[in-house]
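Student: So the chains spell out like this:
2 protein chains.
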Amino acid sequence: MMRAIATHPAARGLKDDVATIEIGNETLILTHDMMVQGVHWLVDADPADVAWKLVAVNLSDLAAKGAEPLGLLLGFMLGDGQWDRRFAEGLGEVLAHYDVPLLGGDTVGQTDEGGARVIGMTALGRATHMPLPPRSGALPGDMLYVTGTLGDASAGFDCITADLTEPQSMIMAFNRPKALLAQGRALAPLVHAMMDVSDGLLLDASRMAEASGLALRIDLEAIPLSSDYISLRGDAVESRIEAASWGDDYQLLMAAVVEISLPVPATAVGRFSQGSGLSLQYDGKPIPLPVSLGFEHR
Amino acid sequence: MMRAIATHPAARGLKDDVATIEIGNETLILTHDMMVQGVHWLVDADPADVAWKLVAVNLSDLAAKGAEPLGLLLGFMLGDGQWDRRFAEGLGEVLAHYDVPLLGGDTVGQTDEGGARVIGMTALGRATHMPLPPRSGALPGDMLYVTGTLGDASAGFDCITADLTEPQSMIMAFNRPKALLAQGRALAPLVHAMMDVSDGLLLDASRMAEASGLALRIDLEAIPLSSDYISLRGDAVESRIEAASWGDDYQLLMAAVVEISLPVPATAVGRFSQGSGLSLQYDGKPIPLPVSLGFEHR
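Chains as they are written, first to last, in our numbering: chain A, 1 to 298; chain B, 1001 to 1298.
Since the hints were made in silico from the structure, they are not lab data.
What you are looking at is a predicted structure, and each value in this text was computed from that prediction instead of being measured.
Mixed in with the good hints, there may be bad ones.
Said to hold, decoys possible - Just a few of them, taken from the derived set where beta-carbon distance is under 10 Å, the chain A residues facing chain B: (1) Glu26; (2) Gln37; (3) Val39; (4) Asp44; (5) His97; (6) Pro101; (7) Gly105; (8) Gly120; (9) Thr122; (10) Met130; (11) Pro131; (12) Gly137; (13) Leu139; (14) Pro140; (15) Met143; (16) Ala162.
Using N, Cα and C, we set each Cβ at its ideal position, and we do this for glycine too.
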């Protein structure tokens, strides 16, 4: 819907996760995320975790462009006081962790009927390297790299909904994702394309390939998994597909040349080539694509 | 709730309607507003009017600081397609009217249970005059000035809820408020304090007085009323109090010296003095304050 209206070049066709504005000698990066109770967080989630995730998700969009955060605006729907206070605690914690100021925002009351709570956040940053690494910059022959491990948030979500309190590493991966700001700044000058993995590796990587006008092969055996993840789900094909098609990882996904020495630990998980479409293989054998590549926004 | 967390100087103690960021040689102005169905707009409102108002309200905050808009971000909760399409039409119209680009944003799905729709907007602008006219800059002896007429949106709201289609001037004042961007830019270098009238003249003016550490007397007979407003409600004290204590006018409210010649038509409606508190008078006689000075955000 918005694509038809956001025709300004700064909107980058809404194909990127951020908008940019040139001002003075600086390039500003802007991103806005909205979260809905019951859609983006579990109704019984700790409000402090909701605050953390809202901030981390927005900062992750800045990280993927190598931007340095300047500040945040919050749109907050007031509800019961206890929830709001706990949210404020978590917000204070995550702002201190990333040393990012809350600049302002708006609070609104809920309707009398109640309904799902909605929270919005705008993050503003400045580019540290130009041009910004776009989503569309992958070149034929580039490798697809990803930082960290995948699937931990997915496994954490399963633990939480099964009322488990262990393993903490998985639960924290879901509740308190990290925005890889320093990593993004270090990588931005070196890569051809970059984005964060918010909707699942397969889906996000296919978007990078499509935006770049290229085909992409992903090697499932290369998908980086944590030992805790393997303990829970093993490391067979199904487990790897699950890790690669669930969102909320907030790792950085990059296209860069084969022989590159990256300043941040990252794993090569695929390769771009002339053509179009996403294909999967495992130990050199083609594997059919899963029905869902990741989390599709309605 | 947010005041305790937004301690950064750029948040201006959240006492102003905008946040500021210095970047390069420029000062950026940021504002975020959230609107909730059933709270900020009538459930059966034309979605095109909702879009118009959302944009105008945000731009009005920029106008009150003399800022030039750079762009907008939209946080949109998708609902039924017809509503969304009509919203998009109105959005396209208001963006064209103010020549402001939509830079990006986020769309989210509604929960399965439905619930009130929530829409958020962030506006980004650049200062055209420094220092920005603050809310807190009124000086003892300054007059309080307001642009345009007051109460038209209030009367329009009554017409709409009574299913009237006339007078159009009143209905449009409620549905399609104007952001006084050119006026704000012309006034910013000349006034000591400025804000927009979003929550009602009495309430917003009392905030200006309080922020400035001054007392304020408002002269009810000076409240500017349109002829259509007077036709509907007369111009007696009660009618004037109503016009002065209902929000949604989006006129500009300023503190400036007595003998000033303003470049924009404005009416002197009161005077600041040493002390504290708001007082009303009508033809020189004190009038008790109404129970509600305006729209208090929960």
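Student: State for each hint whether it applies.
Tutor: Hint-by-hint comparison with the structure:
The interface hint given for A/Glu26 holds, since its Cβ lies 5 Å from the closest Cβ of chain B, which is under the 10 Å cut-off. The beta carbon of A/Gln37 comes within 7 Å of a beta carbon in chain B, closer than 10 Å, and the hint placing it at the interface holds. Satisfaction of the interface hint for A/Val39 is found here, the shortest Cβ-Cβ separation to chain B being roughly 6 Å, below the 10 Å cut-off. Interface hint at A/Asp44: violated, since its Cβ lies 15 Å from the closest Cβ of chain B, which is beyond the 10 Å cut-off.
With a cut of 10 Å, the hint placing A/His97 at the interface with chain B is violated, because the nearest CB-to-CB distance is about 13 Å. At a threshold of 10 Å, the smallest CB-CB gap from A/Pro101 to chain B is about 3 Å, leaving the interface hint in force. Hint status for A/Gly105: holds, given a least beta-carbon distance of 5 Å to chain B, under 10 Å. At a threshold of 10 Å, the smallest CB-CB gap from A/Gly120 to chain B is about 4 Å, leaving the interface hint in force.
Residue-level restraint check for A/Thr122 holds (minimum Cβ-Cβ distance to chain B is 4 Å; threshold 10 Å). The restraint placing A/Met130 at the interface with chain B is violated, with a minimum CB-CB distance near 14 Å, outside the 10 Å limit. The interface hint given for A/Pro131 is violated, since its Cβ lies 17 Å from the closest Cβ of chain B, which is over the 10 Å cut-off. Checking A/Gly137 against chain B: minimum C-beta separation of about 19 Å lies over 10 Å; hint violated.
Violation of the interface hint for A/Leu139 is found here, the shortest Cβ-Cβ separation to chain B being roughly 26 Å, above the 10 Å cut-off. With 10 Å as the threshold, the beta carbon of A/Pro140 stays out of range of chain B, its nearest partner Cβ sitting at about 29 Å, so the hint is violated. Using the Cβ-Cβ criterion of 10 Å, the hint placing A/Met143 at the interface with chain B is not satisfied: the shortest such distance is roughly 29 Å. Interface hint at A/Ala162: violated, since its Cβ lies 22 Å from the closest Cβ of chain B, which is beyond the 10 Å cut-off.
In this structure, the hints that do not hold are numbers 4, 5, 10, 11, 12, 13, 14, 15 and 16, in rising order.
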